[in-house]
Amino acid sequence: MSHKKLNICFAILTLIVSVTVFNACKKDIDPNAYAGPTPYFLVIPTGLPKMDIPANNSLTQEGVALGRKLFYDPILSANRTMSCASCHNQSYSFTDSGKRFSTGIDGIAGTRNAMNLVNLGYQKKFFWDGGAADMESQVIGPIQNPVEMHENLANAIHKLNTDLEYPALFKKAFGGDTITTSMLMKAIAQFERTMISGNSRYDQYVRGTATLTAQELRGMDLYQDPTKGDCTHCHSMGSTFSDFEFRNNGVDSIYADPGRYKITLIGSDSGKFKTPSLRNIALTAPYMHDGRFSTLQQCLDHYNTGFHYSPSLDPVLSVSVKGRMTAQDMTDIIAFLNTLTDTSFINNQAYKHP
Amino acid sequence: MSIFTNMISQFNSISIRIKSAGIIAMCVLLTTVSCRYKERTLTVTPEPPYPQYGSLTVRLSNEAGGVPVAPGSGSYTNAAGNVYTVDMLKYYVSNFTLIKSDNTEHNFANYKLINAEDTSTCSFTLDSVANGNYKAIRFYLGVDSAHNHSLVNEGDLNASNGMVWTWSTGYIFFKHEGIFHNDTGGTSILLYHYGVDDNLKTVDIPVSEFEVSADRKVMYLKFDLNKLYGNPNVINFNGNGIHQSLDSKDRVWLGQMKANFSSAFIFDKVQ
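Residue numbers (the numbering used here), protein chains in the order written: chain A, 1 to 354; chain B, 1001 to 1271.
Keep in mind that the hints were calculated from the coordinates and are not lab data.
Listed below are the simulated DSSO-like cross-link pairs for lysine-lysine, each with C-alpha atoms no more than 30 Å apart in a straight line:
(1) Lys124/A x Lys1201/B
(2) Lys50/A x Lys69/A
(3) Lys50/A x Lys124/A
(4) Lys159/A x Lys1112/B
(5) Lys1112/B x Lys1201/B
(6) Lys1112/B x Lys171/A
(7) Lys1269/B x Lys1112/B
(8) Lys124/A x Lys1112/B
(9) Lys1201/B x Lys1222/B
(10) Lys171/A x Lys124/A
(11) Lys1175/B x Lys159/A
Given only the sequences and the hints, what does the whole structure look like? Please build it.
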């Protein structure tokens, strides 16, 4: 026999052996067993880091699709009138349509501005004060909060279990005949991890597929200049445009809202809030944890001259010179901030109401 | 097929081929053997000569001044003289440890949500309790920090059990809701929600020595609200009836409660 023939024989033998080995214990496999959901391959745009996804909640096609349906479904609120999307509107980078405070199902307004839902998979803690320790656990906060969806969680799960569609959808995504709270948390977290923005004009400029104007480039330099904007200490340049740390940015020296302190009870955490991402910042007015500023100019004015000194004021800001930016500097920085708007994100079909 | 052919065509030496065939033969052999082994173990499980373990069922009786608490009916009087009701009484006990007379400890990483309204929740069984003499028990009132920072849990730690904070990730360790007669002659709401890591309470209880000898024992414990609100710190509900956060106004109350939980759990008997 020639080598070629030998090779072919050997290949056939290998195939037979493989099938035999594979089938050896087949009698143990239940043919009706749940085959499991289809993995979802998350596409990370160039310029953004790898996303850490918890091992107990891998993204799946079925899980992400289910999370998307739940995100838009008012079934999760007590009177079936509000969904996550009620206060997180895609057109506004998932903030509440320009509102300072959002109003819950009982007509009561909250005390903090709805956060943008962009690149959440890179964040470690959630809410303005980091009260939610992971994305899955964050999900149930707004559902139960009396000034938001005001639903009893057990009741929400009961409604899902007695719904015509959800039991089958949850079974496809997670297996099991009964919907559990963990499954609800996991599904919405999966969808939220897919909400990635990385195609703004700034990103295109970095990738070499777009140009920025002279003013925008000047603004980009000023943004990073420690004697001018000095923005990058907290709003890290590129990638997520936030360090996601908790900082006191001097909006107050006496705190109506103690922020991070409410969670940690550490005195030096008074008045600290999470650094928000500046991606799509032009779409997410008003600004700050309580939405006190309606324009980016007011924000720049605050960091230039308006911040208040206090023991927990961020160290970097506490040594920043007041009045270090000219009016032109601030205008240029705002021009740069506008390049962070990602219209493909706010128009992405994959995030719309299914 | 073409994949296999391509793959195999890389094997140019006959000796490699022989080795490969040998490996495959081994695989077939192992697979066959492993399946047979599984069948055999099913039939010849040896019985140990005498079981090394028994079990201990812990039954909690919820009381106020020695009187069983009936959520939704009845009223009770605490050490401060406040007449109060119990509409809801729920709490977590976890991480039970049994301590032998020789001071060796046996830990059961368990989590149990006690709901006074539903007696079926007021007992739980620790399986595989090693034979021997026991003199004390230890457990947490609450949920340890390893499980208190994510809510993706099932069973008694299911987030739908009404025992999670909405403003912060974590479990409410203890919840008592009701009303009390206030000092102005009316009634006020009593809303006591206790929790967060710093307030996890380790409860140590000496018990009258008992032996486990491959049998099923039942330990009776009491949880007494009047002890919780009276010993050593007397907690007066007036102007102090609502605690459900971590604000500075809650600090004193949290400290008093944490201290009092030690006396609130009382050993009754083992049978």
